[in-house]
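Put together the whole structure using the sequences plus the hints.
From first to last, the protein sequence lines stand for chains R, V, S and Y. In terms of my numbering, the first sequence opens at residue 1 and continues consecutively. In terms of my numbering, the second sequence opens at residue 1001 and continues consecutively. In terms of my numbering, the third sequence opens at residue 2001 and continues consecutively. In terms of my numbering, the fourth sequence opens at residue 3001 and continues consecutively.
Keep in mind that the hints were calculated from the coordinates and are not lab data. A few of these clues could be false.
What the hints assert, rightly or not - Quick list of in silico lysine-lysine cross-link-like pairs, DSBU-like style, CA-CA up to 35 Å:
(1) R/K234 x Y/K3007
(2) S/K2269 x S/K2096
(3) S/K2283 x R/K66
(4) S/K2197 x R/K66
(5) V/K1234 x S/K2096
Stated by the list, open to error - Computed beta-carbon distance windows for the label pairs:
(6) Y/E3260 x V/E1186: 31 to 39 Å
(7) Y/R3100 x V/P1222: 52 to 60 Å
(8) S/I2205 x V/R1239: 55 to 63 Å
(9) S/H2252 x R/V201: 20 to 28 Å
(10) R/R162 x S/S2277: 54 to 62 Å
(11) R/T227 x S/E2265: 50 to 58 Å
Glycine residues also receive a C-beta, built at the ideal position from the N, C-alpha and C atoms.
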Amino acid sequence: MVAAAAREIHDGELVFVGMRLPMIAFVVAKRTHAPGAVGLFENGVIRDTPASELLYTMGDPPNLLKASYCGDMLSVMSLLQQGRVNVGFLGAAEVDRFGNLNTTWGSRNGQQIRLPGSGGACDIASLSQRTVVLLEHNRLRLVSRVGHITSPGNGTGNGWRREQGLPLRSGPSAIITTMGVLRFGEDGEAYLASVHPGMSVEDVLSDTGWTLRVADDLAVTPEPDSTELAVIRKIDPNRFWTKS
Amino acid sequence: MVAAAAREIHDGELVFVGMRLPMIAFVVAKRTHAPGAVGLFENGVIRDTPASELLYTMGDPPNLLKASYCGDMLSVMSLLQQGRVNVGFLGAAEVDRFGNLNTTWGSRNGQQIRLPGSGGACDIASLSQRTVVLLEHNRLRLVSRVGHITSPGNGTGNGWRREQGLPLRSGPSAIITTMGVLRFGEDGEAYLASVHPGMSVEDVLSDTGWTLRVADDLAVTPEPDSTELAVIRKIDPNRFWTKS
Amino acid sequence: MGMIASKLISMRQAVAEHVPSGSMVLMGAQLEQMIPFAAGHEIIRQGRRDLTLVGPISDILFDQMIGAGCVSRVMAAWIGNASAGMGYCFRRAVEKSIPRAIETVDHTNLTIALALHAAAMGVPFMPTYTTLGSDLLKRNGNLREFSSPVNEERLVAVRALRPDVAILHVQRADASGNAHLWGNLGVAIDGARASRKVIVVAEEIVAHEVIASDPNRTLLPGFLVTAVVHDPWGAHPSPVQGYYGRDHAFFHEYHDQTRELDGFERWVKLWVAEVPSRAAYLKQLGDSRADNLRVREHALSVPVDFGF
Amino acid sequence: MGMIASKLISMRQAVAEHVPSGSMVLMGAQLEQMIPFAAGHEIIRQGRRDLTLVGPISDILFDQMIGAGCVSRVMAAWIGNASAGMGYCFRRAVEKSIPRAIETVDHTNLTIALALHAAAMGVPFMPTYTTLGSDLLKRNGNLREFSSPVNEERLVAVRALRPDVAILHVQRADASGNAHLWGNLGVAIDGARASRKVIVVAEEIVAHEVIASDPNRTLLPGFLVTAVVHDPWGAHPSPVQGYYGRDHAFFHEYHDQTRELDGFERWVKLWVAEVPSRAAYLKQLGDSRADNLRVREHALSVPVDFGF
Chain R
1 MVAAAAREIH DGELVFVGMR LPMIAFVVAK RTHAPGAVGL FENGVIRDTP
51 ASELLYTMGD PPNLLKASYC GDMLSVMSLL QQGRVNVGFL GAAEVDRFGN
101 LNTTWGSRNG QQIRLPGSGG ACDIASLSQR TVVLLEHNRL RLVSRVGHIT
151 SPGNGTGNGW RREQGLPLRS GPSAIITTMG VLRFGEDGEA YLASVHPGMS
201 VEDVLSDTGW TLRVADDLAV TPEPDSTELA VIRKIDPNRF WTKS
Chain V
1001 MVAAAAREIH DGELVFVGMR LPMIAFVVAK RTHAPGAVGL FENGVIRDTP
1051 ASELLYTMGD PPNLLKASYC GDMLSVMSLL QQGRVNVGFL GAAEVDRFGN
1101 LNTTWGSRNG QQIRLPGSGG ACDIASLSQR TVVLLEHNRL RLVSRVGHIT
1151 SPGNGTGNGW RREQGLPLRS GPSAIITTMG VLRFGEDGEA YLASVHPGMS
1201 VEDVLSDTGW TLRVADDLAV TPEPDSTELA VIRKIDPNRF WTKS
Chain S
2001 MGMIASKLIS MRQAVAEHVP SGSMVLMGAQ LEQMIPFAAG HEIIRQGRRD
2051 LTLVGPISDI LFDQMIGAGC VSRVMAAWIG NASAGMGYCF RRAVEKSIPR
2101 AIETVDHTNL TIALALHAAA MGVPFMPTYT TLGSDLLKRN GNLREFSSPV
2151 NEERLVAVRA LRPDVAILHV QRADASGNAH LWGNLGVAID GARASRKVIV
2201 VAEEIVAHEV IASDPNRTLL PGFLVTAVVH DPWGAHPSPV QGYYGRDHAF
2251 FHEYHDQTRE LDGFERWVKL WVAEVPSRAA YLKQLGDSRA DNLRVREHAL
2301 SVPVDFGF
Chain Y
3001 MGMIASKLIS MRQAVAEHVP SGSMVLMGAQ LEQMIPFAAG HEIIRQGRRD
3051 LTLVGPISDI LFDQMIGAGC VSRVMAAWIG NASAGMGYCF RRAVEKSIPR
3101 AIETVDHTNL TIALALHAAA MGVPFMPTYT TLGSDLLKRN GNLREFSSPV
3151 NEERLVAVRA LRPDVAILHV QRADASGNAH LWGNLGVAID GARASRKVIV
3201 VAEEIVAHEV IASDPNRTLL PGFLVTAVVH DPWGAHPSPV QGYYGRDHAF
3251 FHEYHDQTRE LDGFERWVKL WVAEVPSRAA YLKQLGDSRA DNLRVREHAL
3301 SVPVDFGF
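Right, here's the structure in full:
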């Protein structure tokens, strides 16, 4: 999952990193195929180099030391709104077939539960050129239609983002789950592009809350190579963040 | 003229200072009756203390050393737009009976000449609570109607600023010339409030480009007292800036 | 320098005078750094009610103030526990009106920043593209779609937000309120400029000359600051760059201990109600825990020359 | 640090590659401080034409470039000589089309700042109250009155301005373009972020570690910078805080010597056309004149600690 996320970052790109898994993915990308990638954090931090320690929050002191730039939130968010940010990573409680995200209202045992909300997720989903979502794969998380659009994906399908007035060059690019990688068709709907090693298509489909389309050229997600694995194990030796 | 300008600054006020005469007036005010006045400069500098040397421009190095604050232009201009700035000083090529200012187009020997333009003058005239204009008194400078409104005064009279959408608490407060001090009536038109020592009302009227009204309680502008004079002489020992 | 009176007062006095019940209060402007926990705890102790809390990512301070019943409304982008996800007091308030019902005005990081920026710039709104197509736009009355006056685009107007008081924790300040803040700035500058009053809580009080040696680092001109409070460790368990680190365990402990209402009640009694000051809080925290958070390796900035 | 290639090139190359004829060029962003005279002179030497110059208070660099025939349009708040008032080349161009006609788009300091801010924020305009009632509003097509979408107010929309290239003089930068600028910032930050390309001209090139020791002072992230030029004294006769003072006499001499067209032609030949580089310019200026401008009393900022 982390190695797959790392491969979404191309060399020289500006990346809205976020914390935990995407942060590890960013470090893996920097140390392997994308040494020129730059990490942006909405609290105002921009880094050419990964922090010296694994972070719990983007405001942890190691993330500020030897940053290339520290400013205010708008100094980073404005780069996003200018359309300069290539890729942003997001988590979500729910994602739907059109890549819309919900982090505001969930349900547990049939009861509505209040989640923390958008943070910067709606901004990243609205404004970054590509959005990559990371989440656990099950029917409660991958749903046909989210109950609340916290962060817009492709809405109801192709053309919807343009109708809303969202930037032309923006939108969901991939959903990376614990089982596989979903991408988006011309019609704006997600399809299964690859399954992780050891996962069956049937399991993926039965654990998805809608009838998930499968790519004609369905692939198996490449295993992390030895360099990637070495970086991951170095960052997270106890496999706390990178169980799968 | 400088002492009269200094008296327009009250203690604790925020002052858009500008250069030369108003700068000297600011120092005089700080050292006499308004020690808590704060000087704002549109290049981004804010000072609690006057600079150690007389300045030619607001970007001269002495104006930055030991400033309380250095930021960008908007960091200072936004305070103006918030309505926090009490008084701003302006010069002008022309001022008219309603306090409108022109620093864009002048005329010399009947020929149009291009002047430098607004700088921050239009912003200060639009947004500061009180605007004080300093200029030489003659019929070419004090005109019935400016040829170009670079910086709005009272437009065509009372109510005009509100109609334009300018802030309620803003507008021209005084015109301090080499001959006297003009203030503004309820109808938005200027009148002669005081004449400087040694000047006659007749001279003032004949050197003004419109039929200037005279206050019933016309005063003589108080001479600089000894403290004020001492400060002025210390700042400008050769009377380069403070001839009158 | 000029005749500027000292604004130094105690935290107790600052809250008593400048944070009445019913206030709109901006806290947590620097996101996970320098959250003004000491101020929030004093607000709880003084029993304030009907506050509107404003902040981007509020972390557990908002959760604590909601749990203590101080809050009737939250305007924020994210309300929870940055280490552990959910904030249980927030959930109990929204889902079950415990200890009281609260209104949530959902923002994004960018819209909360723009709402404060608009007020700081002295204009009624800021234009943006974010939230187009989202349910936040539909449900938040401070976001309004409109047509651009200069081209054919659809935009969202984010209405200016003017808190009654901003409470900012910083590294150092002089007695007049000229403060030096370094690290990530979040919405601190716009938040302070947007607010009617500003309380600066500083790790250190320094001479004006220290501030004036580097005016580019001055957070905001001192005349915008209403009160200055000297309260070292006032941001624990959040970090203060160059002073102390983040107490990650504290966030997890809070999460575990406040899952149920009675757990929160014990927690707030132990860490807030029965702790009269930050000094007493530190004593309860214990020397070894604090020592573990202190700076182990200093990293001083290379100076710049303002001379001529 | 990452594998970031050096962006260091010569001034000649920077102008040759990044400032073609027809460009919209932002210069003088810091107002009277750090005006990029060396870059402007190289633009004159390379014979650029039809430039649009953008800046708040342009001082005599714009006057020189207009006099040299490089310019077809100026978008600025104030065009003249900050020491002496008028700029004679500007007047000749506007009043008599000598050496060619130019278009003047009159802004105020605030509207030019907002035009760049809008572009830097990635939105089509910024709202403001300034210029309401003025003739600038009537004559500048980039200012448009509109009704606020959130209340009943009349506002002015200042259209976003995106220069092709911003040329900024700074005190120090690393080879990747991460720059430290201190003193008054003017419109440098928004101006650079608004522009498609950025050329940074630095008094000193320093190691990345110097910049990263104080990331709050970084002017803009290095990835926004296209080229870095090392050109000490490149801002003379304007001042560079901590490096050299303002050569007031030079501004007065320019004023006196360029009153008539032939005077300007002599001036530009002497100080620009026949001076191939900044080093040659400095030689012509003379050691004693430069020495008089050097820092006499250093004033270092008190460092801050980024450690943990």
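Which of the listed hints are broken here?
5, 6, 8, 9
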